[in-house]
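The hints should help you fit chains B and C onto chain A, whose structure is shown.
One letter stands for each residue in the lines below.
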Amino acid sequence: MSQQQDILRDAMRRLNLTRDAFSERLGVRRRALDTWLLPADSGESRAMPEMVGKFVAEILQREALPASGADARPLGQRIAAEGRPHLLSVAQFNRDSLEDLFQVADVMQPIARRQKVSRVLEGAVLGSLFFEASTRTRVSFGAAFCRLGGTVCDTTGFTFSSMAKGESIYDTSRVMSGYVDALVVRHPEQGSVAEFARATNIPVINAGDGPGEHPSQAILDLYTIQREFSRMGKLVDGTHVAMVGDLKYGRTVHSLIRLLALYRGLKFTLIAPPSLEMPAYLVDLVARNGHVVEQTPSLEEGLRGADVVYATRIQKERFAGEEIEGYTPEFQVCKALVDRVCKPDTILMHPLPRDGRPGANDLSIDLNHDPRLAIFRQTDNGIPVRMALFAVLMGVEHQVARSMRDAGWRSPAHIGPDDAEFDGLD
Amino acid sequence: MSQQQDILRDAMRRLNLTRDAFSERLGVRRRALDTWLLPADSGESRAMPEMVGKFVAEILQREALPASGADARPLGQRIAAEGRPHLLSVAQFNRDSLEDLFQVADVMQPIARRQKVSRVLEGAVLGSLFFEASTRTRVSFGAAFCRLGGTVCDTTGFTFSSMAKGESIYDTSRVMSGYVDALVVRHPEQGSVAEFARATNIPVINAGDGPGEHPSQAILDLYTIQREFSRMGKLVDGTHVAMVGDLKYGRTVHSLIRLLALYRGLKFTLIAPPSLEMPAYLVDLVARNGHVVEQTPSLEEGLRGADVVYATRIQKERFAGEEIEGYTPEFQVCKALVDRVCKPDTILMHPLPRDGRPGANDLSIDLNHDPRLAIFRQTDNGIPVRMALFAVLMGVEHQVARSMRDAGWRSPAHIGPDDAEFDGLD
Amino acid sequence: MSQQQDILRDAMRRLNLTRDAFSERLGVRRRALDTWLLPADSGESRAMPEMVGKFVAEILQREALPASGADARPLGQRIAAEGRPHLLSVAQFNRDSLEDLFQVADVMQPIARRQKVSRVLEGAVLGSLFFEASTRTRVSFGAAFCRLGGTVCDTTGFTFSSMAKGESIYDTSRVMSGYVDALVVRHPEQGSVAEFARATNIPVINAGDGPGEHPSQAILDLYTIQREFSRMGKLVDGTHVAMVGDLKYGRTVHSLIRLLALYRGLKFTLIAPPSLEMPAYLVDLVARNGHVVEQTPSLEEGLRGADVVYATRIQKERFAGEEIEGYTPEFQVCKALVDRVCKPDTILMHPLPRDGRPGANDLSIDLNHDPRLAIFRQTDNGIPVRMALFAVLMGVEHQVARSMRDAGWRSPAHIGPDDAEFDGLD
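Residue numbers (the numbering used here), protein chains in the order written: chain A, 36 to 461; chain B, 36 to 461; chain C, 36 to 461.
There may be inaccurate statements among the hints.
Because identical chains cannot be distinguished in the list, a pair is counted as satisfied if it fits within a single copy or across any two copies.
Stated by the list, open to error - Taking lysine to aspartate or glutamate and the DMTMM-like style, the derived pairs with C-alpha atoms no more than 20 Å apart in a straight line are:
hint: 1; residue 1: Lys200; residue 2: Glu167
hint: 2; residue 1: Lys200; residue 2: Asp106
hint: 3; residue 1: Lys370; residue 2: Glu157
hint: 4; residue 1: Lys89; residue 2: Asp69
hint: 5; residue 1: Lys378; residue 2: Asp405
hint: 6; residue 1: Lys200; residue 2: Asp401
hint: 7; residue 1: Lys200; residue 2: Glu230
hint: 8; residue 1: Lys302; residue 2: Glu335
hint: 9; residue 1: Lys200; residue 2: Asp405
hint: 10; residue 1: Lys283; residue 2: Asp441
hint: 11; residue 1: Lys269; residue 2: Glu336
These are computed hints drawn from the structure, not numbers from a lab.
All values derive from a computational prediction rather than experimental measurement.
The following block holds chain A by itself, in its conformation from the complex:
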């Protein structure tokens, strides 16, 4: 973390200050701070005066919580599951450990953006066990591991021959653990990934256990909110998040709302048709933590004033032959609606895939050219977040920065032709 923008970003996070408040605190102009926060290879980036660096360090020492709160153990130990280096649930995180993870993800960004290459995991092998197919998630984890220098052995399919022959999860897990250095497991049954994890001491990451959890998705969602807000000079504390769609079965929104509840003074608007509302225990948990929760079946009303709109798809397979009362095509989040009720700096998020067919009750594709659409910045952020998870669970997070060298091939400045100007910069 030697780059000045990483130091400054981390300082703002630990002091919980916006850019405006931070520049005031330092006694510098906001404009100067902005140029120091640009990537080093940007034409408008400026080197921060050495004295500023010393001032920031002193402020941190006096005023901020240490990076890891009162807890000086390595991050991998602080988030451990029953003493082992697994990631099974978002419940393993508190606000401090989450922000420390984000700091590691920030360090990964130059690699994720193909400017740098690292080989810290050279020689390590990832076992990717997908008992149900999920191309997106599998490739995201696989690419993240490869970008740290490791290699991947994939397995996809519902009926692995061995388990069909009566092999226990215990056996499968322990055998695979002798072959590889970390496991990413997706399985249709809730709790099954935890069962995998209990049979091994190597890191196991839950990539979705049916109705259970998919923690890395919620973590990358929150990381995205933080980065978007950092660009805009906003804070997560006190923000207004609208969640839309299937809030009953969507494990993504369940995990995300639990992470957001670690922050202070948020307002949640939960917009779902009557039969698909957020489970009461989660609403209670969020309210108990001091946040405001509003529930409404009206999309137009619910979106008004939100800083973040988190839309989800109705998974029709959940409702074979069941009527979903009140869930009509007007439930679609489209450009006309967003222009009407959202703000110029609202960000639109989605766990993907979204249903892009005409008339789908989902985030509409007519928003593809709108820079508020953050869905691909979300998926892009999956790489640095998953790199950070691997690095922390395998204990190499402090070796990454000094292991980087320039990438040898040519990469586009913007990945997608419709990417916003600021994409890939920050």
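Leaving out everything else, chains B and C in the frame of chain A:
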């Protein structure tokens, strides 16, 4: 491109001279030229006198087109698709850019033949999206990427869960592009790979879009013809190519004939049963370019005098319940027929797979020991050609030569026990 | 092989001496020898006095067979199949070449245990062709290849499109051989992998050809017995092995008994229900080699006194609609039975997968905490054994030791929470 055989081969290509004509032009014996063209590690290879090198350079300067014609832009830009580094169609090439690509493929040969190792793409990740299975093509692209130092994330299968849920090609492409550095896509629908390409700025290679194109196959086919002819001292200009089999639906022959039409004065004999003839628009295009085109349903008549026989398989699945008039077992290209009507230096090609069962209307397996059978030299050439495509699209083609080091493991001199003496040498 | 424990272990193997006998031969205390045999990084390890090293070398020179018997050719040549570097059958090994392979596997252990990293195969590509699925075997080979620095291109599935279209094994093998540097092939038909091997000069490893062989499994089984015995100070010669279960169709036990028969004076107890007995030709072969063979349908009787219990699963799919006389639930090898009739140093092995469901006629999961259960030490040993096979067939076995560097990431001391104290040490 520091090796003398690469320099000489390139000079002959740019001057469009056979070995005989080139040795005459230089005033050296053909035999001497042959020894300079042998691989450096061959026992009979000789170093070319320094003066010859200077003479060749002067001739090139005065007489030849520059390597890139009048166009001095990098090859990747010259073959770009709508300004982006994709390979979607053979129409992206002209003769100059094609020959420049072949020159890059020549540089790759020592790596493809396992004598050298390169890591120019170390840290890069290839996404391989096969919406229909094709083991051969997938592994060929994957191995080519690995031999440049990269790693591969594979996906095979017709129904990726996301796309089955209504996700657009736009979303799939943009999401995957945030994970990987290049995409190879096979898809059953014509035009779908171009749709993938429009949604991203990272390189996309079309590995077959149904009845559309499979450009890398046609390119490796032509590269094979060039290399075979180079060994024999023949030129592509003026040659006689016989194409056999299903010329109506075979996208391979469609793309190949378009590439061959970039050369001068060829004669094409198109041999197909009545209902499976080459589409008229392609026959017209070739004729307009000044080539001679003959069509015949008679195998015996059509093969006579051909320098290249390009056989294809009848894809029976295209004709469920339909009679194919005139397509009888005598349509098989077997050793007896080849010995009767072909020349000692005719080369026999095929895009594979071929139907090796007795009585199949395909290139017969009784030719397996005949050195004219070039089908495995064709597939072997898939590696250097695909390496060249990746290198050019990712802008590392000029880093490869100086990145090479010796391979550490032992490889066989000939890959197959039935390989011709000259296989793997050239 | 510079580490003293490798030198000492190899000496005991070549002299065929237990630790007791070896320490007596050297005139040192058994306890001293034990400390020299501990891994260098163990707290209780001691450096062996230089004089002891010289003494051992002299004894070996005078008394032992040379490492490679009378045969000084490289191991890859000694085990070649029809002159080519394939592994198709355990019949390619004799006792000398087997023990030389084990010595290479010992060298691989620090890499297999994630303490060291090697890149000797950097740039090499493995083609993994599984015409029937076998996650475990595929990942074991793949991870082994990756741990030597190579990369893997996988293919799984019964109907590869090309072979379904009539492509011969000859074509498939030769084409793939032009793409990759070694092939691992599993195929449901006996003899098919040998057919693959005949079409190529690159290494082909048989990963199971239906009822035929799966040689690497038998080799890792025997390697496991040797290592377990080495820890206990026992020799393979003269040991008592009980084989349990489906001895008629289990290719694993067929290959293992043939390897064990290369040793001297063993006693085999073959325990199978009447219709599933070991084929007579194998019983005869073992008996002819001077071993004692007993057959019994009684589990309780058969296990008594065994040093090794090798249990196998009844593959129920082999008996659709057939009654298996005498094969009742009492056939299960469970903790109560093992405690009653086995010894404290008996080792329990199984080729896996085992049927872990209640009442299954298989090795019971109630033994999971019993250190005699060696099944995961077996699968762990699959990595160094398969690394050794790749290294020997590709001619890099002598480059591995000097290529090692420390692994950069953190690995658990014990892979599984139920691993025995001595697991991962030895």
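Comparing the hints with the structure gives:
1. Lys200 <-> Glu167: Both: 18 Å inside a copy, 15 Å across copies.
2. Lys200 <-> Asp106: neither (46 Å within a copy, 44 Å between copies)
3. Lys370 <-> Glu157: The answer is neither: 45 Å in one copy and 41 Å across copies each exceed 20 Å.
4. Lys89 <-> Asp69: For lysine 89 and aspartate 69, only the intra-copy Cα distance (18 Å) is at most 20 Å; the inter-copy one is 56 Å.
5. Lys378 <-> Asp405: Within one copy, since 12 Å is at most 20 Å while 64 Å is not.
6. Lys200 <-> Asp401: between (48 Å within a copy, 18 Å between copies)
7. Lys200 <-> Glu230: within (18 Å within a copy, 29 Å between copies)
8. Lys302 <-> Glu335: within (17 Å within a copy, 69 Å between copies)
9. Lys200 <-> Asp405: neither (51 Å within a copy, 23 Å between copies)
10. Lys283 <-> Asp441: neither (46 Å within a copy, 49 Å between copies)
11. Lys269 <-> Glu336: Neither: 23 Å inside a chain and 76 Å across chains, both beyond 20 Å.
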